[in-house]
Amino acid sequence: MSKYPKLGEKDTRSGFGDGLTELGRTNPNVVALCADLAGSLKMDQFIKENPERYFQVGIAEANMIGIAAGLTIGGKIPFTGTFANFSTGRVYDQIRQSVAYSDKNVKICASHAGLTLGEDGATHQILEDIGLMKMLPGMTVICPADYTQTKQATLAIAEHHGPVYLRFGRPKWPVFIPENLPFEIGKAQILREGNDISVFATGHMVWLALEAAEELEAAGVSVEVINIHTIKPLDEEAILKSVKKTGKAISCEEHNVIGGLGESIASVLSKKHPVRLDIVGVNDTFGESGTPEQLLEKYGLSKSEIKNRILSILK
Amino acid sequence: MVHAVQSGHPGGSMGCTEYFTALYQVVMNHKSDFTMDGKGEDLFFLSNGHISPVWYSVLARSGYFPVAELATFRKLNTRLQGHPTTHEGLPGIRVASGSLGQGLSVAIGAAQAKKLNGDPSLVYTLHGDGELQEGQIWEAAMYAAGKKVDNLISTVDVNGQQIDGSTDDVLPMGSLNAKFTAFGWDVIELPEGNNIDAVIAALNEAKSRTGKGKPVMILMHTAMGFGVDFMAGTHKWHGIAPSDAQLADALNQLSPTSLGDY
Numbered sequence: 004m005s006k007y008p009k010l011g012e013k014d015t016r017s018g019f020g021d022g023l024t025e026l027g028r029t030n031p032n033v034v035a036l037c038a039d040l041a042g043s044l045k046m047d048q049f050i051k052e053n054p055e056r057y058f059q060v061g062i063a064e065a066n067m068i069g070i071a072a073g074l075t076i077g078g079k080i081p082f083t084g085t086f087a088n089f090s091t092g093r094v095y096d097q098i099r100q101s102v103a104y105s106d107k108n109v110k111i112c113a114s115h116a117g118l119t120l121g122e123d124g125a126t127h128q129i130l131e132d133i134g135l136m137k138m139l140p141g142m143t144v145i146c147p148a149d150y151t152q153t154k155q156a157t158l159a160i161a162e163h164h165g166p167v168y169l170r171f172g173r174p175k176w177p178v179f180i181p182e183n184l185p186f187e188i189g190k191a192q193i194l195r196e197g198n199d200i201s202v203f204a205t206g207h208m209v210w211l212a213l214e215a216a217e218e219l220e221a222a223g224v225s226v227e228v229i230n231i232h233t234i235k236p237l238d239e240e241a242i243l244k245s246v247k248k249t250g251k252a253i254s255c256e257e258h259n260v261i262g263g264l265g266e267s268i269a270s271v272l273s274k275k276h277p278v279r280l281d282i283v284g285v286n287d288t289f290g291e292s293g294t295p296e297q298l299l300e301k302y303g304l305s306k307s308e309i310k311n312r313i314l315s316i317l318k
Numbered sequence: 040m041v042h043a044v045q046s047g048h049p050g051g052s053m054g055c056t057e058y059f060t061a062l063y064q065v066v067m068n069h070k071s072d073f074t075m076d077g078k079g080e081d082l083f084f085l086s087n088g089h090i091s092p093v094w095y096s097v098l099a100r101s102g103y104f105p106v107a108e109l110a111t112f113r114k115l116n117t118r119l120q121g122h123p124t125t126h127e128g129l130p131g132i133r134v135a136s137g138s139l140g141q142g143l144s145v146a147i148g149a150a151q152a153k154k155l156n157g158d159p160s161l162v163y164t165l166h167g168d169g170e171l172q173e174g175q176i177w178e179a180a181m182y183a184a185g186k187k188v189d190n191l192i193s194t195v196d197v198n199g200q201q202i203d204g205s206t207d208d209v210l211p212m213g214s215l216n217a218k219f220t221a222f223g224w225d226v227i228e229l230p231e232g233n234n235i236d237a238v239i240a241a242l243n244e245a246k247s248r249t250g251k252g253k254p255v256m257i258l259m260h261t262a263m264g265f266g267v268d269f270m271a272g273t274h275k276w277h278g279i280a281p282s283d284a285q286l287a288d289a290l291n292q293l294s295p296t297s298l299g300d301y
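If you're matching them up, the sequences are chains C and E in order.
In terms of this note's numbering, the first sequence is numbered consecutively and its last residue is 318.
In terms of this note's numbering, the second sequence is numbered consecutively and its last residue is 301.
It is worth saying that the hints were derived from the structure and are not from the lab.
A couple of the hints might just be wrong.
What the hints assert, rightly or not - Which stretches of chain E does chain C cover? Using the computed rule of at least three CB atoms under 8 Å from a CB of chain C, they are:
no.	region
1	67-80
2	117-128
3	150-156
4	179-188
As the list claims (entries may be wrong) - No farther apart than 25 Å at their CA atoms in a straight line, the calculated lysine-lysine pairs in the DSS-like style are these:
no.	chain 1	residue 1	chain 2	residue 2
5	C	Lys6	C	Lys247
6	C	Lys13	C	Lys175
7	E	Lys187	E	Lys78
8	E	Lys186	C	Lys51
9	C	Lys274	C	Lys137
10	C	Lys235	C	Lys251
11	E	Lys78	E	Lys114
12	C	Lys51	E	Lys187
13	E	Lys154	C	Lys51
Unchecked claim - Listing some non-contacts, in silico: residues in chain E with all C-beta distances to chain C over 10 Å:
no.	residue
14	Met40
15	Ser101
16	Ser138
17	Ile202
18	Gly213
19	Ala217
20	Ile227
21	Ala240
22	Gly252
23	Phe265
24	Asp268
25	Lys275
26	Asp283
27	Leu298
Note that CB positions come from ideal geometry on N, CA and C, so glycine has one too.
Could you put the whole structure together from the sequences, leaning on the hints where they help?
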């Protein structure tokens, strides 16, 4: 029996919205900006309770990032909200110059990341955002596993000084992180201990990795599952400790295999403790329209694909 | 400065010397003990960061850092980077600029933070006219008017020049006055942008128009390379440094402003 059973289903973006609402009540410096997607980002309650601390920018993401950078001058802690595609690729130069290089305390909060955005298709399914953000010096990159953890992360980044990219998603997804499991930026979580292989997963993929591990246990395979909610700074110590025990590893992410979590782990392993690593992710292609489940299946991110990849590396 | 390292942007800097001198010496209420938050003082944002030489020169002479440090401009380990940054901690600078079109948005955010903080101080920005070709400027222009950011005084250095030629040759922009007016700004024309008394008068006029529901725009007509006959009015001195002989010739032609030598 897993230590982390499914407790219900909720979208991770609601974790952001509920976290932001709590911040509105507890931290008077927190302000929020949105580029015409406040409903999608679940920002309504914060807006209702703090209309003076909310800035509706309209469909102008570059301007939103710049305004957020300016709001920090004067002590505000701005949280920007839009889809992941418009939070990163569309505004890369604004984030680079006005936020990251200028060391501004802006929290870039991005929903609808990855394939599980679903039917809107590839124009909106960004699979390169983790790579874009982790390349920026000083940027913290966080991709929480479920609703509860997204709420925890939203609260935590308000206390962290410096630019943060917080990535979450659209679909209803299993809730399994207990509220009393502490969230610490940069600290990976061992959700399941095992001896045969280490699975490092981030975001929605953590639940699928846990399910895969559960099913493989019946076949006599002992899988360690580690939740890498913070992709940068990466918890190298936790990764190395695990692979020194298991000797094999797989990473799982809803992102291009180029530029994502898997590459970050490969870099650590190749420099400090080379072991076999397989990277489960989208294989350098764009997505398409479909349901989240269909897309995860087609692009090789399903639970059964994770199981197959584990078994093949253990052969 | 530009001559010493044989790189930098003298043309736009020289055309805006009167503006910077007027702003820092007369118009702006600013503290020389620099804090990033700048609470209780006016703030300035340079959006066209390539004219850093004149800004650095005026900042040093306004007490933000030693004048001697100007000699480190563009050299390894300097705080006076080619384009202004906060990264090396140079006092007086609150955001990096260089990639064009971003400064107006940042200034709007700072102006809105001032309103949230109940701080009646003003926020100033400077832009190049060529910079207005960046789309983000118009996102910001629409927002500032739409959201009544009326503690903001922006100035465009209308020198009619950009790297590849005159603005009319590169991309004709039509009437800037009509454009900003249509976007909802209160627009002031400043025909004599290289006359320091006229610049001070225009900035004071702009101050008197703040707090009335509209952001204020000064269209400041200048000559790029003003004050030196072989540099004035041409795009050719946008981003190149003078030779020894040209420097000597230029310095012979330049006289201090009525407020001192910058």
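- Since leucine 298(E) was said not to touch the interface, does its Cβ keep a gap of more than 10 Å from each Cβ of chain C? holds, 27 Å
- Just double-check glycine 252(E) for me: nearest Cβ-Cβ distance to chain C has to come out over 10 Å. Holds, because the least Cβ-Cβ distance between glycine 252(E) and chain C comes to about 17 Å, which exceeds 10 Å.
- Message: Three residues or more, CB to CB closer than 8 Å: is that satisfied between the region 179-188 of chain E and chain C?
- Response: holds (count 5)
- Message: For lysine 13(C) and lysine 175(C), compute the direct alpha-carbon distance and say whether it is at most 25 Å.
- Response: Roughly 5 Å between the alpha carbons, so the hint for lysine 13(C) and lysine 175(C) holds.
- Query: Do three or more residues of the region 117-128 of chain E come closer than 8 Å to chain C, measuring C-beta to C-beta?
  - Reply: holds (count 3)
- Task: Would you check the hint for lysine 154(E) and lysine 51(C), treating anything up to 25 Å between C-alpha atoms as holding?
- Result: holds, 20 Å
- Straight-line alpha-carbon gap lysine 274(C) to lysine 137(C), limit 25 Å: Holds, because 19 Å separates the two Cα atoms, which is no more than 25 Å.
- Task: Tell me if chain C covers the region 67-80 of chain E under the three-residue, 8 Å CB rule, please?
- Result: holds (count 4)
- Was alanine 217(E) rightly flagged as not at the interface, with every chain C Cβ beyond 10 Å? holds, 22 Å
- Message: Please verify whether lysine 186(E) and lysine 51(C) have alpha carbons no more than 25 Å apart.
- Response: Status holds; Cα separation ~18 Å.
- Could you check that no beta carbon of chain C comes within 10 Å of the beta carbon of serine 138(E)? Non-interface label fails for serine 138(E): nearest chain C Cβ at 5 Å, not farther than 10 Å.
- Task: Mind checking the alpha carbons of lysine 235(C) and lysine 251(C) for me, to see if they're no more than 25 Å apart?
- Result: Holds. Lysine 235(C) to lysine 251(C) sits at ~22 Å (cutoff 25 Å).
Of the numbered hints given earlier, the model fails hints 11, 16; all others are met.
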